[in-house]
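Residue numbers for the sequence shown follow the numbering used here, beginning at 1 and rising by one.
Bear in mind the hints are in silico, worked out from the structure with no lab data behind them. Check before you lean on any hint, since a few could be wrong.
Stated by the list, open to error - Taking CB as the label site, the calculated pair distances span:
(1) G121 with Q44: 14 to 24 Å
(2) E122 with Q44: 31 to 41 Å
(3) E125 with D74: 26 to 36 Å
(4) R75 with Q44: 16 to 26 Å
None of the values given here were measured: they were computed from a predicted structure. Just so you know, even glycine gets a beta-carbon here, dropped at the ideal spot from N, CA and C.
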Amino acid sequence: MRPRLAGVLVAGALALSGCVATPPPLPFEEESAVADELPRTISQDARDSVEASTVRYQGSTDAVEVWAAREEVDRGICLVVAPLSDPSGWVVGCGGGNIGTSVSLTGGGDYEFYPQGLPEGEPREGWVAVSDYVIARE
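Take the sequences, apply the hints, and build the full model.
Here's what the structure looks like:
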């Protein structure tokens, strides 16, 4: 390859690499805090299905609180969603590997986790951002 052409290709690759947004780190890579602990209203069965050291509080909406965690067995990503009006009505949903996870509450709400951060950086129409990773439609 000619030196001039190689220089153009390298410059083009560098220019393109500057256009790619760096995804946020997975929440499990950040230090945990007291708020990351699941409330006692979440059953032991639910607690046993997620790796306790990876539970991270994602935020709340007017209706629910949301946590993300790694699945205890398969290391998939889980969402724990607890209604504010009845925290004992929690639900846990897990997806394999590092793919997105979806959870629906009976009678109200859909929740999705995106391991690379929200697509386009914003929730799609009709949804609200709960965190950099989680959206909700209630």
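Against the structure, the hints come out as follows:
1. Separation of G121 from Q44 is about 37 Å and departs from the stated range, judged on CB atoms against 14 to 24 Å.
2. For E122 and Q44, the hinted distance range of 31 to 41 Å is satisfied, since their beta carbons lie about 37 Å from each other.
3. Between E125 and D74 the Cβ separation comes to about 33 Å, which falls inside the hinted range of 26 to 36 Å.
4. The given range of 16 to 26 Å is respected by R75 and Q44, whose C-beta atoms sit roughly 20 Å from each other.
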